[in-house]
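Input sequences plus hints: build the corresponding full structure.
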Amino acid sequence: MQVTFKVYRKDPEGDGKPGRSTFTVELPDDANVMDGLLKIRDEMDGSLAFRASCLRGYCGECTMRINGKATFACTAKVSAFTKKGPEITLDPLRNIPVIKDLVFDWDAFLWNKIKAVKPWLEPNEAPASGENLLPDSVMKDLRQVMSCYYCGLCDEGCTVLPVDFNFLGPAALTKAYRVAFDPRDRDGKERLRIAEQPKGVWDCVHCFEASEHCPRGIQPTERILALRDKAFKVGISHEKVARHHKSFAASVKDSGWVDEGRLALESEGLTNIKGLMKLLPTAARALVRGKAPLPYLHAKRPGADQIKRIFEKGEQEEK
Amino acid sequence: MKYAFYPGCVSRGGCPELYPSAVKVAGKLGLELEELKDVGCTGAGVLPQYLSDPINARTFAKAEQVGLPVMTICSTCQGVMAQANYRLKSDPAYREEINREYLSEEGLEYKGTTEVKHLLWVLFEDYGLDRLKSMIQRPLKGLKVSPFYGCFLRRPPEAITPTKELSRRKSYLDELIEVLGAELVDISGKGKCCGFPILTANEENSLAMVAKHTGESKGKGADCMVTPCPLCHLNLDGNQPRAESLKGEKIDLPILHLPQFVGLALGFEPDEMHLKRHIIPTRAVETKVEMLT
Numbered sequence: 004m005q006v007t008f009k010v011y012r013k014d015p016e017g018d019g020k021p022g023r024s025t026f027t028v029e030l031p032d033d034a035n036v037m038d039g040l041l042k043i044r045d046e047m048d049g050s051l052a053f054r055a056s057c058l059r060g061y062c063g064e065c066t067m068r069i070n071g072k073a074t075f076a077c078t079a080k081v082s083a084f085t086k087k088g089p090e091i092t093l094d095p096l097r098n099i100p101v102i103k104d105l106v107f108d109w110d111a112f113l114w115n116k117i118k119a120v121k122p123w124l125e126p127n128e129a130p131a132s133g134e135n136l137l138p139d140s141v142m143k144d145l146r147q148v149m150s151c152y153y154c155g156l157c158d159e160g161c162t163v164l165p166v167d168f169n170f171l172g173p174a175a176l177t178k179a180y181r182v183a184f185d186p187r188d189r190d191g192k193e194r195l196r197i198a199e200q201p202k203g204v205w206d207c208v209h210c211f212e213a214s215e216h217c218p219r220g221i222q223p224t225e226r227i228l229a230l231r232d233k234a235f236k237v238g239i240s241h242e243k244v245a246r247h248h249k250s251f252a253a254s255v256k257d258s259g260w261v262d263e264g265r266l267a268l269e270s271e272g273l274t275n276i277k278g279l280m281k282l283l284p285t286a287a288r289a290l291v292r293g294k295a296p297l298p299y300l301h302a303k304r305p306g307a308d309q310i311k312r313i314f315e316k317g318e319q320e321e322k
Numbered sequence: 056m057k058y059a060f061y062p063g064c065v066s067r068g069g070c071p072e073l074y075p076s077a078v079k080v081a082g083k084l085g086l087e088l089e090e091l092k093d094v095g096c097t098g099a100g101v102l103p104q105y106l107s108d109p110i111n112a113r114t115f116a117k118a119e120q121v122g123l124p125v126m127t128i129c130s131t132c133q134g135v136m137a138q139a140n141y142r143l144k145s146d147p148a149y150r151e152e153i154n155r156e157y158l159s160e161e162g163l164e165y166k167g168t169t170e171v172k173h174l175l176w177v178l179f180e181d182y183g184l185d186r187l188k189s190m191i192q193r194p195l196k197g198l199k200v201s202p203f204y205g206c207f208l209r210r211p212p213e214a215i216t217p218t219k220e221l222s223r224r225k226s227y228l229d230e231l232i233e234v235l236g237a238e239l240v241d242i243s244g245k246g247k248c249c250g251f252p253i254l255t256a257n258e259e260n261s262l263a264m265v266a267k268h269t270g271e272s273k274g275k276g277a278d279c280m281v282t283p284c285p286l287c288h289l290n291l292d293g294n295q296p297r298a299e300s301l302k303g304e305k306i307d308l309p310i311l312h313l314p315q316f317v318g319l320a321l322g323f324e325p326d327e328m329h330l331k332r333h334i335i336p337t338r339a340v341e342t343k344v345e346m347l348t
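Chains as they are written, first to last, in the numbering used here: chain A, 4 to 322; chain B, 56 to 348.
It should be emphasised that the hints constitute simulated quantities derived from the structure, not laboratory data.
Check before you lean on any hint, since a few could be wrong.
[Stated by the list, open to error] Reference listing, derived: stretches of chain A covered by chain B, where coverage requires no fewer than 3 residues with Cβ under 8 Å from a Cβ of chain B:
no.	stretch
1	163 to 169
2	211 to 220
3	232 to 245
4	251 to 257
5	280 to 291
6	299 to 313
[Unchecked claim] For lysine-lysine, the following DSS-like pairs were computed, each having C-alpha atoms within a straight-line distance of at most 27 Å:
no.	chain 1	residue 1	chain 2	residue 2
7	A	Lys-9	A	Lys-86
8	B	Lys-267	A	Lys-281
9	B	Lys-166	A	Lys-311
10	B	Lys-188	B	Lys-225
Beta carbons are placed, not taken as given, at the ideal position from N, Cα and C, and that holds for glycine.
Next up, the structure:
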């Protein structure tokens, strides 16, 4: 079949401006997109830059956007992308500095962030004899996380990265989980502090895009939530988030539901005059519209006592 | 058609216009609601799972007792409860543990039979579009509307779109806009996050998300946006003025709650849907709607 590839181009040694090249190639019906790229480079334009390694969907090197969808070029069948016409557009992943053509900056995108979570174990005291073994149940969970091959698709799907490229992102935070939940590591609490660093777990909106994008079923969003739950249990280090979560939990525990007015005030901090002043314009607008929930005037729900009992029991169990 | 109604905290707190609008719309459609009063907050993704799962299991057990499916009017309530319900239904040992440790003292047991559905899903899956169309008294012709789902009404797949047939849930809001006679103004961020969950941790990013979504919708000519999630509403409507300051330009996009939008098509007047309670004035929408009557 004849396919026309419209490929994103950017040459740092040229004018550096992005553009697009068009190549029409003849490919077998069962060809994948990488077959097309290799043919273009071998026969038409040796300057076309892209990454490729395993060519069988294991390494994640050839991650790119094909007709806008982020996936691996080596396993993407051309026929799946030409149902509406014989043209395929190829672009690098979004919001990432491009080095040349389809080659983007993996360091900025992923590796510097992976390094920021200190992705190595600092072993606790080794047993007197033998290996430092983990129970099967723990290893089974960690092994799933360790099956990540850093393709970057979870970060590509992330909702936060398009507005803040410095967010650590689901791939790096999943790596933080891998170390924080390994009982062989020396200091689990310190690991949580690393995950809670600015641009870390508390900047995640838990939209589950990362889990939906992960081709390995690692569930990065659930890993981030597990890190947050663990931090909640041992004490959140992010001051404002700690106040917010404490207030949220206290109001549900006291009344069965959320006292939104109280939550707004206590999240800022009752002695934080500057923070409280910042709330005023929003509160004033809401008051004018008759929709500002008044703090601390919050009726208990009928089942509040049972909710409180569940809280107390849960807090006790998790100690 | 009867439901155990779970209105959530925000529909009576930060978005008090939502609760009465939803009740009026349900009444007009003939959906019978029995409100679950003796239940707690879902945890909204803030409370850790070890606290929120037992609280939600209790809610499901209460609904099971009255033999009704739960109906929500909040994407966040829906998402958190659907995730908890998925865990409780798919892992009987876990459900038993929750029953034993948390519910048995109150004489409750969750058997794993409760269904939880957002009003949006109810309209498509239970009520039916043909019946809904027959109830339309004011087709919203000429009203340009962008959908905004709220992340928790789209993902994770095992809880929200567990079958191929139910993957259509990802386009219900788009479809509804056209069913009610309005014009769909599609936006790239309709299934993304509104920014509300990080308003505390990173206000700048949160407001940037508001500006991105509302700005795109406005730029494409929408008169308003409609959302099934009151937490999205709190950010997209309530914090739009702050997002405008951040962006340095006026956006001025009214945000409607799902029941308000449906209500206008059912013939309710804007005042009956409490549009005056919004932070971003809804005058442009009201003017168009009034011209249709």
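Verification of the supplied hints:
no., hint, in the structure
1, 163 to 169, "holds (count 4)"
2, 211 to 220, "holds (count 4)"
3, 232 to 245, "holds (count 6)"
4, 251 to 257, "holds (count 3)"
5, 280 to 291, "holds (count 4)"
6, 299 to 313, "holds (count 8)"
7, A:Lys-9 - A:Lys-86, "holds, 16 Å"
8, B:Lys-267 - A:Lys-281, "holds, 22 Å"
9, B:Lys-166 - A:Lys-311, "holds, 23 Å"
10, B:Lys-188 - B:Lys-225, "holds, 20 Å"
In terms of the numbered hints stated before, the structure departs from none.
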